[in-house]
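Novice: Kindly generate the complete structure, drawing on both the sequences and the hints.
When we follow the working numbering, the leftmost residue of the sequence shown carries the number 3, and every step to the right adds one.
These are computed hints drawn from the structure, not numbers from a lab.
Bear in mind that the values here come from a model prediction, so they are computed numbers and not experimental data.
There may be inaccurate statements among the hints.
BS3-like cross-link-like pairs, simulated, lysine-lysine; straight-line CA separation at most 25 angstroms [what the hints assert, rightly or not]:
1. 143 to 324
2. 159 to 474
3. 474 to 378
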Amino acid sequence: MSWFNTDLFLHALTFIVPAAHVIGLLSAFDAVMHARTPQGSAAWALALLAFPLLALPLYWLFGRSRYIDYVEAIREIEGRVEDELADSRNNMLRDFLLPPHDQRHQNQQQRDGQPARRDPRAEIAKGDERGELEGFQALAKFPLTRGNGARLLINGKETFDAMFAAIDAAESYVLVQFYILRDDALGARLQQALLAKARQGVRAFVLFDDVGSFGLSRRYRRELEEGGIAVSGFHGQKGWFGRFRINFRNHRKIVVVDGRVGFVGGFNVGDEYLGGDPEIGAWRDTHVRVEGPVVQALQLSFLKDWHFSTDEMPALDWNPVKCAEDRVALVLASGPNDRLETCSLLFAHAIASAERRIWIATPYFVPDAGVFSALKIAALRGVDVRVLVPRRSDNLLFRFAPYAYLPDAREVGVNIYFYEAGFMHQKVFLIDDDYAAISSANFDNRSFRLNFEITALLADYAFAQDVAAMLKRDFTRATRAQGTEWHNRSFFFRLAVRITRLFAPVL
Numbered sequence: 003m004s005w006f007n008t009d010l011f012l013h014a015l016t017f018i019v020p021a022a023h024v025i026g027l028l029s030a031f032d033a034v035m036h037a038r039t040p041q042g043s044a045a046w047a048l049a050l051l052a053f054p055l056l057a058l059p060l061y062w063l064f065g066r067s068r069y070i071d072y073v074e075a076i077r078e079i080e081g082r083v084e085d086e087l088a089d090s091r092n093n094m095l096r097d098f099l100l101p102p103h104d105q106r107h108q109n110q111q112q113r114d115g116q117p118a119r120r121d122p123r124a125e126i127a128k129g130d131e132r133g134e135l136e137g138f139q140a141l142a143k144f145p146l147t148r149g150n151g152a153r154l155l156i157n158g159k160e161t162f163d164a165m166f167a168a169i170d171a172a173e174s175y176v177l178v179q180f181y182i183l184r185d186d187a188l189g190a191r192l193q194q195a196l197l198a199k200a201r202q203g204v205r206a207f208v209l210f211d212d213v214g215s216f217g218l219s220r221r222y223r224r225e226l227e228e229g230g231i232a233v234s235g236f237h238g239q240k241g242w243f244g245r246f247r248i249n250f251r252n253h254r255k256i257v258v259v260d261g262r263v264g265f266v267g268g269f270n271v272g273d274e275y276l277g278g279d280p281e282i283g284a285w286r287d288t289h290v291r292v293e294g295p296v297v298q299a300l301q302l303s304f305l306k307d308w309h310f311s312t313d314e315m316p317a318l319d320w321n322p323v324k325c326a327e328d329r330v331a332l333v334l335a336s337g338p339n340d341r342l343e344t345c346s347l348l349f350a351h352a353i354a355s356a357e358r359r360i361w362i363a364t365p366y367f368v369p370d371a372g373v374f375s376a377l378k379i380a381a382l383r384g385v386d387v388r389v390l391v392p393r394r395s396d397n398l399l400f401r402f403a404p405y406a407y408l409p410d411a412r413e414v415g416v417n418i419y420f421y422e423a424g425f426m427h428q429k430v431f432l433i434d435d436d437y438a439a440i441s442s443a444n445f446d447n448r449s450f451r452l453n454f455e456i457t458a459l460l461a462d463y464a465f466a467q468d469v470a471a472m473l474k475r476d477f478t479r480a481t482r483a484q485g486t487e488w489h490n491r492s493f494f495f496r497l498a499v500r501i502t503r504l505f506a507p508v509l
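Specialist: So this is what it looks like as structure tokens:
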């Protein structure tokens with residue numbers, strides 16, 4: 003006797019299929035009401051109505067980009083943290099605040115070989131007439147500050163050597179936050195560095211994303227906790243199910259030491275980030291080491307995420323120290339709890355601000371219609387628009403995605419370059435000779451609307467030149483896409499690209 007009863011199965015289907023269509027219809031209404039873009043609403047509604055058995059589990063796992071209760075909860079927590087720290091923090095930062103009008107004028111002086119003014123507040127009316135920095139500051143949750151130091155960190159060895167050197171020098175506390183934290187050789191190095199500092203009386207806090215770090219062993223976490231280190235996973239939504247929800251992931255990568263030194267960028271903690279995965283190969287990524295008052299913004303972002311995850315608010319040092327480099331910097335934290343779509347608007351504003359060039363490096367290029375239109379308009383204005391993406395990807399869907407935009411991009415002069423020397427994971431943009439950003443955010447809808455991201459923006463001519471030199475080297479290892487990149491491909495490849503473009507709003 004077979005274990006499979008055909009009659010029972012068919013009888014069950016007579017109930018399951020109609021129920022799926024009814025639930026699919028209700029879920030389609032939910033998608034229309036709650037998706038953050040019209041394109042996302044349409045894509046999910048169509049799938050839920052046409053293929054409910056397939057689309058329903060995907061929608062409730064990956065979709066539904068917004069939960070009002072969740073959004074309000076994290077806003078309340080952020081407000082609580084802000085209220086607790088606002089007075090003391092603002093008083094301490096007063097000497098570092100900078101009116102945004104002036105920095106482009108100072109950058110122009112540096113380009114012309116003139117000595118930069120050391121008190122930018124003296125000529126508020128000059129420079130930045132178009133309000134670029136005002137726009138960036140309006141999007142941020144932390145003011146534009148001067149007195150910062152910044153060092154570009156290229157690739158894994160340089161980044162992690164600098165990071166571990168800072169941890170080894172810690173005297174009071176270390177804040178560590180990564181989307182991916184692995185129990186491998188690099189993860190063990192981080193664990194041992196933190197345990198060594200904990201034995202010296204330094205407080206350490208480790209925050210990782212539950213989904214990104216799904217494979218992290220219980221042993222790894224237990225050893226940290228037994229060594230006196232506070233550890234927590236970040237849940238995209240409160241409750242057990244929130245641990246496994248794909249949306250609302252914390253994609254930030256932050257390390258802060260003593261409130262004096264900070265790190266932010268594209269690196270997570272895993273051997274592959276040092277090129278240790280033979281299937282991925284050489285790993286190209288970028289981080290930045292910052293000092294000065296801008297570090298306060300990094301630890302404020304960490305504190306909000308930590309408080310959301312643990313209901314705890316550890317005491318931190320909010321006394322900024324001026325750095326001799328005196329760079330102007332801003333940190334923008336973005337996430338699904340924002341009242342505005344901060345990350346998407348950040349890229350749109352950066353593109354609109356460009357007068358001569360906008361260079362973007364991203365591992366995943368799936369822009370929404372508005373941001374892609376901004377790129378095309380910039381190219382039509384005569385701006386040098388370049389987008390650097392990896393030829394090889396760690397994600398099959400994102401391997402096809404850049405090709406979907408290639409015909410439209412080529413038509414207006416948006417140049418897409420494919421990085422050939424391994425997998426490129428950096429998230430960087432450069433505007434003219436004035437602004438450069440190192441970020442955790444990809445150029446896709448998930449970073450724009452669903453993930454918690456962090457971006458460090460430097461309004462500094464010298465730093466912008468460092469980033470320009472770095473990207474120029476990357477372009478020498480890349481191939482500019484031609485029309486043949488699309489037309490010479492097989493029918494099935496082009497079909498896969500078209501399907502990827504169709505589902506771009508929900509990727």
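Novice: Would you mind marking each hint as holding or not holding in the structure?
Specialist: A quick look at each hint next to the structure:
At most 25 angstroms may separate the alpha-carbon atoms for a hinted pair to count; residue 143 and residue 324 meet this at roughly 20 angstroms. The hinted pair formed by residue 159 and residue 474 meets the criterion: a straight-line CA distance of about 21 angstroms does not exceed 25 angstroms. For the hint linking residue 474 to residue 378, the alpha-carbon distance of about 22 angstroms falls within 25 angstroms, and the restraint holds.
Going through the hint list in order, the structure satisfies each hint without exception.
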